[in-house]
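For reference, the chains in residue letters:
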Amino acid sequence: MDLKTKLEYVIEVADLTVAYDVKPVLWDVDLKIPKGKLMAVVGPNGAGKSTLIKAILNLLIPISGNIKFIQNRADTKSNIKNRVAYVPQSGNVDWDFPSTVLDVVLMGRFGLLGWIKRPGKADVDIALQTLKKVGMEDYSSRQISQLSGGQQQRVFLARALVQQADIYFMDEPFKGVDTKTEKAIVLLLKDLKDQGKTVVVVHHDLQTVTEYFDWVTLINLRVVASGPVDEVFHQENLRQTYRSTGMLLKGMAV
Amino acid sequence: MTPQFEIQLIAVIVAVGCALPGVFLVLRKMSMMSDSITHTILLGIVLAFFITHDLSSPLLIVGAAIMGVVTVWLTETLTRTNLLAEDAAIGIVFPLLFSIAIILITRYAGSVHLDTDSVLLGELAFAPFNRMIVFNTDIGAKAIYTAGTILIINLVAIFLFFKELKLVTFDPVLAAVLGFSPTMVHYGLMTLVSLTAVSAFEAVGSVLVVAFMIGPPVTAYLLTDDLKSMLIISVLIGTINGILGYQLAAIFDVSIAGSMATMTGILFISVFILAPHRGLLSIFRRRKMQKTKFGKMTLLFHLLNNESSFIQEQVSQICIVQNHLNWSDHFIKDIINRLQGENCIEVDGVFIKLTDKGRKTTIQEYNELFS
Numbered sequence: 001m002d003l004k005t006k007l008e009y010v011i012e013v014a015d016l017t018v019a020y021d022v023k024p025v026l027w028d029v030d031l032k033i034p035k036g037k038l039m040a041v042v043g044p045n046g047a048g049k050s051t052l053i054k055a056i057l058n059l060l061i062p063i064s065g066n067i068k069f070i071q072n073r074a075d076t077k078s079n080i081k082n083r084v085a086y087v088p089q090s091g092n093v094d095w096d097f098p099s100t101v102l103d104v105v106l107m108g109r110f111g112l113l114g115w116i117k118r119p120g121k122a123d124v125d126i127a128l129q130t131l132k133k134v135g136m137e138d139y140s141s142r143q144i145s146q147l148s149g150g151q152q153q154r155v156f157l158a159r160a161l162v163q164q165a166d167i168y169f170m171d172e173p174f175k176g177v178d179t180k181t182e183k184a185i186v187l188l189l190k191d192l193k194d195q196g197k198t199v200v201v202v203h204h205d206l207q208t209v210t211e212y213f214d215w216v217t218l219i220n221l222r223v224v225a226s227g228p229v230d231e232v233f234h235q236e237n238l239r240q241t242y243r244s245t246g247m248l249l250k251g252m253a254v
Numbered sequence: 001m002t003p004q005f006e007i008q009l010i011a012v013i014v015a016v017g018c019a020l021p022g023v024f025l026v027l028r029k030m031s032m033m034s035d036s037i038t039h040t041i042l043l044g045i046v047l048a049f050f051i052t053h054d055l056s057s058p059l060l061i062v063g064a065a066i067m068g069v070v071t072v073w074l075t076e077t078l079t080r081t082n083l084l085a086e087d088a089a090i091g092i093v094f095p096l097l098f099s100i101a102i103i104l105i106t107r108y109a110g111s112v113h114l115d116t117d118s119v120l121l122g123e124l125a126f127a128p129f130n131r132m133i134v135f136n137t138d139i140g141a142k143a144i145y146t147a148g149t150i151l152i153i154n155l156v157a158i159f160l161f162f163k164e165l166k167l168v169t170f171d172p173v174l175a176a177v178l179g180f181s182p183t184m185v186h187y188g189l190m191t192l193v194s195l196t197a198v199s200a201f202e203a204v205g206s207v208l209v210v211a212f213m214i215g216p217p218v219t220a221y222l223l224t225d226d227l228k229s230m231l232i233i234s235v236l237i238g239t240i241n242g243i244l245g246y247q248l249a250a251i252f253d254v255s256i257a258g259s260m261a262t263m264t265g266i267l268f269i270s271v272f273i274l275a276p277h278r279g280l281l282s283i284f285r286r287r288k289m290q291k292t293k294f295g296k297m298t299l300l301f302h303l304l305n306n307e308s309s310f311i312q313e314q315v316s317q318i319c320i321v322q323n324h325l326n327w328s329d330h331f332i333k334d335i336i337n338r339l340q341g342e343n344c345i346e347v348d349g350v351f352i353k354l355t356d357k358g359r360k361t362t363i364q365e366y367n368e369l370f371s
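Residue numbers (the UniProt record's numbering), protein chains in the order written: chain A, 1 to 254; chain B, 1 to 371.
These are calculated hints, taken from the structure and not from any lab test.
All figures in this text were calculated on a predicted structure; none of them were measured in a lab.
Don't take each hint at face value.
Said to hold, decoys possible - Keeping only pairs whose Cα atoms sit at most 20 Å apart, straight-line, the calculated SDA-like set for lysine to any residue is:
1) A:K81 with B:S181
2) A:K32 with A:K68
3) B:K228 with A:V124
4) A:K117 with B:K29
5) B:K333 with B:S308
6) A:K23 with B:F272
7) A:K117 with B:I158
8) B:K163 with A:G114
9) A:K35 with A:F69
10) A:K117 with B:T81
11) A:K32 with A:L57
12) B:K29 with B:K228
13) A:K32 with A:S64
14) A:K117 with B:K333
15) B:K29 with A:V124
Said to hold, decoys possible - Label pairs and their computed distance ranges (CB to CB):
16) A:K23 with B:T183: 20 to 28 Å
17) B:A88 with A:L60: 18 to 26 Å
18) A:R239 with B:Q364: 52 to 60 Å
19) A:R142 with B:K333: 36 to 44 Å
20) A:G149 with B:R286: 21 to 29 Å
21) B:Q364 with A:R142: 20 to 28 Å
22) B:G91 with A:D194: 54 to 62 Å
23) B:L83 with A:L59: 21 to 29 Å
What the hints assert, rightly or not - Incomplete in silico selection of chain B near chain A, CB under 10 Å:
24) T52
25) K166
26) A176
27) D226
28) S229
Each residue gets a CB set at the ideal place from its N, CA and C atoms; glycine is no exception.
Just need the whole structure built from these sequences, with the hints factored in.
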């Protein structure tokens, strides 16, 4: 309990309800996102995982609710838009767009530059360093249309990293990537955590939650549970989340 | 300046002015919206004319620009309901607004020079008659200055907001997260398109405006993978279309706007067939080369595999190989001839076998492929 009282939070979501048409997708969600944690958002299809992230990022208008970004003393950026980075699902953009890998990564710097100002040499340097970090340094001048799914994901990750934000939101970064890339991405996420950043990841694979994350939020329309993985990620909560009576975790006898 | 030169100059200025925003229309998959806007702005012009009763008032341009943005907004609002697709929404909004404009013109403005024919096709040949007079001096055709102003506005806007246009076009969600309102950039671009259309269609008509906006960027897209180059190539192609189109019209004594639109189509088809990487011809050639290359590798691998099995002793019968690989007579002959020419295999009657060089190449290629 002592640990918990010391937790600093970066975002507080209160009474959030979102609906598309008439069907609620998120129902009265209260959630606190702790600072410096690697948090998985887990739930069945259509549970509102991506919607939760989009609502926090102000990308859609909720029916009700408050999203509060808490300014911590250690935060370097005062502007909310510069504090937050977002890695959307890579399938959502047109990969035939006439651009190179470097061009796309540089887009991550645009928020820090503001209107009209162009990216300079310093931005290019940061972008190239980051590409190296995600193992894509040989691809910087490659056309984005030539990338594989895993490479696209790495480029999107690099684009988020160059934002040098405090809080990272990622929508299924492991979707369509091979095991090797998945492990590489996990290492990067842990690296971010070690730097004191907060990382929130929409995640699908229940089997890897304990291995990859230290915090987990289980949602299905509402928040079923949210807390440290070892406290809340158990059979009973998962059953409530997935409304299933079967075994959801391998090797976890009830 | 001769009228001929002036006509070509106007055409080039209009073409370049249209190609610049056109690149972003094409990349945003909004080509058909330009068709809609170039027609519906007529309603804006008519309504503004009813207020001012002056055909040369700048308010007409403002009215047209507003109507262009209204067109986009109406279309997108309809699309957002998810009850109909965007192309269907265009099919509703465009005829509705355009026909209202036509009815208003024929009913209330019949005596004024707001001629529906000239709206659709324009008449470049008459453009030089409309002069720009400053302090009693004739400084050239008026269209040069109206179209020139819009060209400069487009150049400056795209130069200043290149980064924002690129970001919003590629990934509007990221743009929103980073604080660049996609809606604002979007409607900014649509305002530019409307302004461009209204300035251009007086001179060249709405059909040619569409050809100028969409043709060059689509052609350029086949030639480059870089957004900046795409802008530059579009501008060049627009220029070529304008000049060659005029020559075509002069030679055959036909409609200038029609010739330029035709030229746009001809140039597109030529690039579509001949473009170095994405053209039909080079795709065809590349497929053929790949087919031969894979055929050669397949045969070599097959021979090497047979060597290691002890039933065949370093030789294979051609007809059995052909049977295994299920190749046509023509194809296997072609591949054998090529490999023989490269000294990779030896043919002895109905038998073929790998040469030492062939074996080395095969192992090397195998390792490259599977390591």
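Here is how each hint holds up against the structure:
| no. | hint | result |
| --- | --- | --- |
| 1 | A:K81 with B:S181 | 12 Å, holds |
| 2 | A:K32 with A:K68 | 10 Å, holds |
| 3 | B:K228 with A:V124 | 17 Å, holds |
| 4 | A:K117 with B:K29 | 27 Å, violated |
| 5 | B:K333 with B:S308 | 24 Å, violated |
| 6 | A:K23 with B:F272 | 47 Å, violated |
| 7 | A:K117 with B:I158 | 13 Å, holds |
| 8 | B:K163 with A:G114 | 10 Å, holds |
| 9 | A:K35 with A:F69 | 11 Å, holds |
| 10 | A:K117 with B:T81 | 37 Å, violated |
| 11 | A:K32 with A:L57 | 15 Å, holds |
| 12 | B:K29 with B:K228 | 18 Å, holds |
| 13 | A:K32 with A:S64 | 17 Å, holds |
| 14 | A:K117 with B:K333 | 62 Å, violated |
| 15 | B:K29 with A:V124 | 29 Å, violated |
| 16 | A:K23 with B:T183: 20 to 28 Å | 26 Å, holds |
| 17 | B:A88 with A:L60: 18 to 26 Å | 25 Å, holds |
| 18 | A:R239 with B:Q364: 52 to 60 Å | 57 Å, holds |
| 19 | A:R142 with B:K333: 36 to 44 Å | 39 Å, holds |
| 20 | A:G149 with B:R286: 21 to 29 Å | 24 Å, holds |
| 21 | B:Q364 with A:R142: 20 to 28 Å | 26 Å, holds |
| 22 | B:G91 with A:D194: 54 to 62 Å | 56 Å, holds |
| 23 | B:L83 with A:L59: 21 to 29 Å | 23 Å, holds |
| 24 | T52 | 35 Å, violated |
| 25 | K166 | 8 Å, holds |
| 26 | A176 | 6 Å, holds |
| 27 | D226 | 6 Å, holds |
| 28 | S229 | 8 Å, holds |
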